[in-house]
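Chains as they are written, first to last, in this note's numbering: chain Y, 1 to 201; chain V, 1 to 453.
Simulated from the structure, these hints should not be mistaken for laboratory data. Be a bit skeptical, because a hint or two may be false.
Said to hold, decoys possible - Label-pair restraints from in silico Cβ distances: (1) 126/Y x 103/V: 31 to 39 angstroms; (2) 16/Y x 92/V: 14 to 22 angstroms; (3) 92/V x 152/Y: 41 to 49 angstroms; (4) 107/Y x 103/V: 31 to 39 angstroms; (5) 7/V x 190/Y: 52 to 60 angstroms; (6) 230/V x 16/Y: 43 to 51 angstroms; (7) 228/V x 16/Y: 22 to 30 angstroms; (8) 13/V x 17/Y: 27 to 35 angstroms.
As the list claims (entries may be wrong) - DSS-like mimics (lysine-lysine), calculated; alpha carbons at most 25 angstroms apart, straight line: (9) 105/Y x 171/V; (10) 171/V x 164/Y; (11) 257/V x 344/V; (12) 366/V x 187/Y; (13) 139/Y x 309/V; (14) 309/V x 344/V.
Said to hold, decoys possible - If you want the footprint, here are the derived chain Y segments under chain V, 3+ residues with CB under 8 angstroms: (15) 53–62; (16) 95–101.
This structure is a prediction, so every number in the text was calculated from the model and none was measured. Using N, Cα and C, we set each Cβ at its ideal position, and we do this for glycine too.
Residue strings, one per chain:
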Amino acid sequence: MWGALVMRRFLVLLLIIIVLAFWYALPRNSREEPWTIPHLPRPVAEKRILITSAGQSTDGLIIAQMIRDLHLSYSYRRKAYGNDFSQWFASLILVLGYSHSNLQKVNLSFTEEIERVQSLVDAAHRNGRAVIVVHLGGKNRRGYRDDVLISRFAPQADYLIVVKEGNYDNIFGRIASQKGIPLTICKDIRSIKPPLNSAYR
Amino acid sequence: MPEKDRITLWTGLLLIVAAVITLYLLEPVFFMITEIVESSITSTNSGLLILAAGLYSLTKTIAALPLLLGSYFISSGLVKKFCVNHRYRRAISFGVNLAAAAAIYFLVFGLTRYHPDPFIPLIVVGFVLLMAKPQHKRLRLVHQATITTQLLLGCYWLDVSPFLDIFGLGKDEIAVSIKLTASYLQSASVMNFISFSFFIPLVLIAIITSVLINNYYKQVKHIEAAKQKEKELQRYRLQSVQARSLKEMHSLVHDLKTPLMTINGLCSLLEMKYQPDAKDREYFWRIDRSVENMNEMISEILYETTKRKIAVSDLVNYVRAQLIPEKVEQEINFSIEEDLPLIKVNRVRLARAIINLLENALEATKDMANGRIDINVYREEGGVWITISDNGIGIPRENLYKIWKTGFSTGNTSGLGLPFVRKVIEDHGGTIEVSSEVGVGTTFKIYLRGEDD
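Hey, can you work out the whole structure from these sequences and the hints?
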């Protein structure tokens with residue numbers, strides 16, 4: 001009898017979760033921004049590429065792997081500073097994504113991380129080099145600190161590549177239209193490769 | 001607050017402290033998992049990613065288990081304190097448990113700067129639904145931990161399912177990394193399959209375990225109830241046998257009166273017939289007194305209300321004559337004040353009551369090297385005080401008021417002795433008090449009215 005009661009309660013709970021989940025997942029009204037393009041019509045950046053993760057998430061490594069697959073010359077550095085952006089690098093790819101444990105691992109605070117990335121962006125702009133900002137994450141890469149990184153570095157990009165789920169509130173669309181930055185919204189991670197390639201070839 | 005609830009609260013607090021320490025101790029493990037995820041990216045090996053997901057689920061469970069249990073213990077302790085016997089106690093306890101457990105959970109995770117998972121309250125709901133049942137009051141920590149571990153392990157596997165990402169599940173940075181890497185390695189569907197393959201059986205096992213444990217405790221409860229009934233039945237049987245024996249003994253004692261009357265009558269007849277000298281008359285008088293004494297004693301045995309005035313020393317001597325200590329190691333001291341008032345008592349019954357107390361004192365000191373029993377008799381407040389003290393094992397404070405209840409016994413006795421003592425003293429218009437300390441000893445103080453005035 002008790003087992004049946006628990007089962008009934010569990011099923012009710014499951015039903016509530018399912019209903020809430022569907023409500024949460026219902027498609028919201030969104031409109032395509034005019035700045036959205038499938039890929040760049042002409043390259044904006046040159047090789048060799050310095051890739052770093054703004055926020056120290058593992059997403060930077062995924063982009064580095066994609067760049068390797070595209071046979072583009074690159075260097076992936078977790079703790080690269082403005083001074084490191086020397087004559088050897090012709091473009092910068094910033095991959096946005098906050099990771100508390102990885103920041104601890106490289107012994108940096110969040111503020112120091114922002115300063116580090118800012119110094120890189122400044123160095124790239126000083127040398128007239130292109131900055132490509134990539135955001136891989138879905139909804140869950142949009143925490144408070146992720147959004148701080150987005151609002152700080154996305155407006156400084158020469159080209160924005162984001163995955164659709166991470167742009168659920170059109171934050172990248174707004175930044176792109178305000179700053180006149182070309183924006184590519186990809187349906188998933190694997191679709192990032194073509195726009196990434198279009199920035200170099 | 002009762003001792004049991006205080007223990008629950010302290011256990012909860014200790015678990016929370018353990019949880020915070022665990023969170024910091026597990027940091028290197030989280031680094032290791034991140035490294036495995038990175039290795040899976042560089043080597044495009046989805047097997048490594050599954051390993052990372054398994055380690056993630058296990059580590060998060062280890063981190064969350066003491067926190068969740070501690071939160072639940074604290075909240076249930078508070079519920080017990082504030083909602084005792086309330087009409088909607090179950091509903092209130094459910095709500096408070098849920099709110100308090102979730103609040104403590106989020107607070108600790110917030111303070112330790114770990115990303116709280118939004119679906120944890122759902123785990124808590126499940127947990128509380130399964131656990132906060134009245135039948136589960138006796139669930140031990142290990143059983144609660146077992147069920148919670150199963151639930152947590154199952155739920156944390158959902159964190160790494162890319163399918164549930166759109167519902168906002170799995171906000172933890174490592175979980176997000178695993179899901180993104182799975183998408184990059186085109187293993188999202190494999191990861192979905194594996195996470196559900198772990199989640200569904202683990203949660204089902206948690207429910208089944210919970211039901212099995214509940215049934216086990218129900219059975220234990222039934223067995224205990226049956227044992228208790230059997231014990232009571234035995235007690236009633238014993239009482240019935242004792243009552244029958246008492247009745248038979250009464251008849252027997254009553255029958256003693258007939259030969260006594262014969263002795264008394266014939267003795268008077270002989271005295272008249274033989275014209276005895278002074279010495280013989282003395283003998284006849286003593287036979288007559290003895291018969292009369294025996295007759296009075298029989299009356300005292302037969303009729304509880306039969307009382308006569310006696311000296312306290314007579315009573316004590318009668319007790320001493322009756323008492324044959326089984327163990328000679330104990331030191332028994334009698335101290336009787338001079339010039340005590342007479343007391344009007346049923347000597348046989350009162351002596352039986354005092355012997356009962358002395359037997360208890362002997363039992364309490366039987367295994368002691370320096371066992372000592374003191375019997376003091378003194379005049380005070382116009383009456384007589386009889387104190388019986390021992391330096392034995394003592395009676396726990398919580399049992400002091402139970403000793404007067406019929407059937408209460410800590411040993412293999414019938415539990416009838418002390419209620420009998422109290423009844424006898426009260427029948428004599430007296431009082432009896434007890435004071436005791438575990439490991440120090442016990443003192444019984446009897447007050448009886450004096451008959452001088």
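Now the hints, each set against the structure:
1. 126/Y x 103/V: 31 to 39 angstroms: 50 angstroms, violated
2. 16/Y x 92/V: 14 to 22 angstroms: Roughly 21 angstroms apart at Cβ, these two residues keep to the hinted range, so it holds.
3. 92/V x 152/Y: 41 to 49 angstroms: 47 angstroms, holds
4. 107/Y x 103/V: 31 to 39 angstroms: Roughly 33 angstroms apart at Cβ, these two residues keep to the hinted range, so it holds.
5. 7/V x 190/Y: 52 to 60 angstroms: Taking Cβ atoms as reference, residue 7/V and residue 190/Y lie about 56 angstroms apart, which means the hint holds.
6. 230/V x 16/Y: 43 to 51 angstroms: 47 angstroms, holds
7. 228/V x 16/Y: 22 to 30 angstroms: Since the Cβ atoms of residue 228/V and residue 16/Y sit about 42 angstroms apart, the hinted range of 22 to 30 angstroms is violated.
8. 13/V x 17/Y: 27 to 35 angstroms: At 31 angstroms between Cβs, range holds.
9. 105/Y x 171/V: 20 angstroms, holds
10. 171/V x 164/Y: Cα-Cα ~17 angstroms, so holds.
11. 257/V x 344/V: Holds, at roughly 23 angstroms.
12. 366/V x 187/Y: Judged against 25 angstroms, a Cα distance of about 87 angstroms means the pair is violated.
13. 139/Y x 309/V: Violated. Residue 139/Y to residue 309/V sits at ~98 angstroms, over the 25 angstroms cutoff.
14. 309/V x 344/V: Holds - the C-alpha atoms of residue 344/V and residue 309/V are around 4 angstroms apart, at most 25 angstroms.
15. 53–62: holds (count 5)
16. 95–101: holds (count 5)
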